[in-house]
Amino acid sequence: MTSTAPGTSASIPDPAQAQPHILRVLVASQVLSGAGLAAGVTVGALLAQDMLGTTSLAGLPSALFTAGSALAAVTVGRVSQARGRRPGLAAGYLTGALGSAGVIAAAVLDNPVLLFIALFVYGAGTATNLQARYAGADLAPPGHRARAVSTVLVATTLGGVAGPNLAAPAGTLAEHLGIPHLAGLFVISGAAYALAALVLALWLRPDPLLLARDIAQAKEADTDTNPAADSGDADTSEGRGGVVLGALVMILTQLVMVAIMTMTPVHMHDHGHSTAASGLVIGIHIGAMYLPSPLTGWLVDRYGRMKIVAASGITLLAAGILAAAAPGDSVALLALALALLGLGWNLGLVSGTAIITDTVPLATRAKTQGLVDVSIAIAGATGGMASGIVVAATSYPALALTGGALSLALLPAVAATAYRR
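Heads up: the sequence shown at position 156 corresponds to 156 in the working numbering, and the numbers run straight through without jumps.
Just so you know, these hints were derived from the structure itself, not from any lab. In this text, a Cβ means the ideal position worked out from N, Cα and C, and glycines have one as well. Treat the hints loosely; a few may be bogus.
[As the list claims (entries may be wrong)] Cβ pair distances, simulated, as ranges:
| # | residue 1 | residue 2 | range |
| --- | --- | --- | --- |
| 1 | 217 | 330 | 56 to 64 Å |
| 2 | 173 | 221 | 51 to 59 Å |
| 3 | 203 | 14 | 31 to 39 Å |
| 4 | 361 | 143 | 41 to 49 Å |
| 5 | 361 | 176 | 48 to 56 Å |
| 6 | 314 | 143 | 24 to 32 Å |
| 7 | 329 | 389 | 23 to 31 Å |
| 8 | 332 | 295 | 20 to 28 Å |
| 9 | 142 | 83 | 20 to 28 Å |
| 10 | 203 | 169 | 24 to 32 Å |
| 11 | 20 | 332 | 17 to 25 Å |
| 12 | 83 | 412 | 34 to 42 Å |
I would like the entire structure built from these sequences, with the hints used as guidance.
Written as structure tokens, this is what we have:
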């Protein structure tokens with residue numbers, strides 16, 4: 001079914017019919033990109049530690065590809081705003097593939113400077129993976145936005161969980177190709193990001209953001225009202241405060257998650273665990289980041305954004321305490337701590353994204369979302385960089401406890417919002 005704007009001959013696809021196809025394409029690309037982003041998380045710090053011979057800078061790779069994702073978030077957001085989600089997301093994934101190739105080259109040449117530059121470029125894949133969640137919500141009605149976001153996020157689970165667990169076989173393949181063992185996952189990463197870009201370029205039609213704009217313009221012509229007010233946006237009365245609140249939620253959860261996650265493989269390596277064991281723990285962590293998304297989306301839509309924000313802070317605190325208390329030789333307890341860490345991040349990301357999408361008018365949606373994701377990426381870069389320094393100066397348990405304590409800052413934000421209402 002299509003609708004037609006008065007005074008025009010161009011028909012507009014029915015969003016209710018277009019949305020399922022758009023979600024299917026986004027899901028396919030997210031499965032691939034999930035495998036792509038897992039490489040940097042699993043072996044990035046180990047590559048730096050191996051090249052530099054020190055733990056103090058092991059958090060630098062995470063900081064670099066997270067900083068790279070900040071620049072990419074701006075670019076993807078601006079391209080999406082100007083030309084639509086399809087070219088923006090496809091370009092981001094292609095850039096991530098290029099960064100993966102650079103990491104492989106750096107490992108072959110044993111060149112730390114090239115490694116750090118390539119990791120910065122590789123961060124574009126991470127930013128694009130997160131930006132895709134907004135595309136899922138462009139055509140969703142207000143009461144189903146969190147569930148649309150969660151559908152896109154959960155698709156990352158398959159690739160995200162499988163990717164780290166391919167560390168050992170990917171390393172073997174890399175050695176056969178004359179590539180250092182630790183760089184093996186980046187071979188998979190580059191191919192996965194390139195395929196994700198291809199899927200979007202070929203099949204993300206109609207473009208969800210452009211279609212949402214067409215629908216808003218048709219309604220404006222019909223009703224002579226403001227398109228942002230009649231485009232299906234939810235409550236925008238919170239204005240700038242809603243943007244700040246949603247951004248704060250996602251910034252804090254990203255900071256805590258990245259800091260603890262980054263140093264967990266290094267912590268396990270220092271206690272004699274294999275790369276396969278680290279990959280298993282990180283795989284469980286990434287699964288917990290994305291797998292609960294359908295339930296989280298339903299909870300956010302059903303019980304409200306702020307209750308889930310509070311749950312995020314409490315879950316992250318529990319993760320920090322457990323990670324600090326877990327013996328270094330206990331893979332099971334570390335896996336449980338990282339699972340809670342991923343769950344807390346998921347609760348914060350889905351609720352924060354819903355707050356942002358509710359608040360931002362369609363006319364500036366993609367650009368604002370990109371700027372918000374810059375703040376999230378900077379927070380992640382800060383957490384990644386600081387994590388290595390904190391562990392070198394103190395210990396991994398101290399880092400975990402600090403992260404857990406920081407997450408409690410979400411609770412005053414919830415209380416303040418409830419008081420204003």
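Hint by hint, here is what the structure shows:
1. Roughly 58 Å separates the CB atoms of residue 217 and residue 330, a value that falls within the hinted 56 to 64 Å.
2. Checked against the given bound of 51 to 59 Å, the beta carbons of residue 173 and residue 221, roughly 57 Å apart, stay inside it.
3. Checking the proposed 31 to 39 Å range against residue 203 and residue 14 shows it is violated: the Cβ atoms sit about 18 Å from each other.
4. Range check, residue 361 to residue 143: Cβ separation about 18 Å, and the 41 to 49 Å hint is violated.
5. Between residue 361 and residue 176 the beta carbons are some 53 Å apart, a value that agrees with the proposed interval 48 to 56 Å.
6. About 26 Å separates the C-beta atoms of residue 314 and residue 143, a value consistent with the hinted range of 24 to 32 Å.
7. Separation of residue 329 from residue 389 is about 25 Å and conforms to the stated range, judged on CB atoms against 23 to 31 Å.
8. Restraint check, residue 332 to residue 295: a C-beta distance of roughly 24 Å satisfies the suggested window 20 to 28 Å.
9. A C-beta distance of roughly 26 Å is found between residue 142 and residue 83, which places it inside the suggested range of 20 to 28 Å.
10. With their beta carbons about 30 Å apart, residue 203 and residue 169 fall inside the hinted range of 24 to 32 Å.
11. Between residue 20 and residue 332 the CB atoms are about 40 Å apart, so this pair departs from the stated range of 17 to 25 Å.
12. About 40 Å separates the C-beta atoms of residue 83 and residue 412, a value consistent with the hinted range of 34 to 42 Å.
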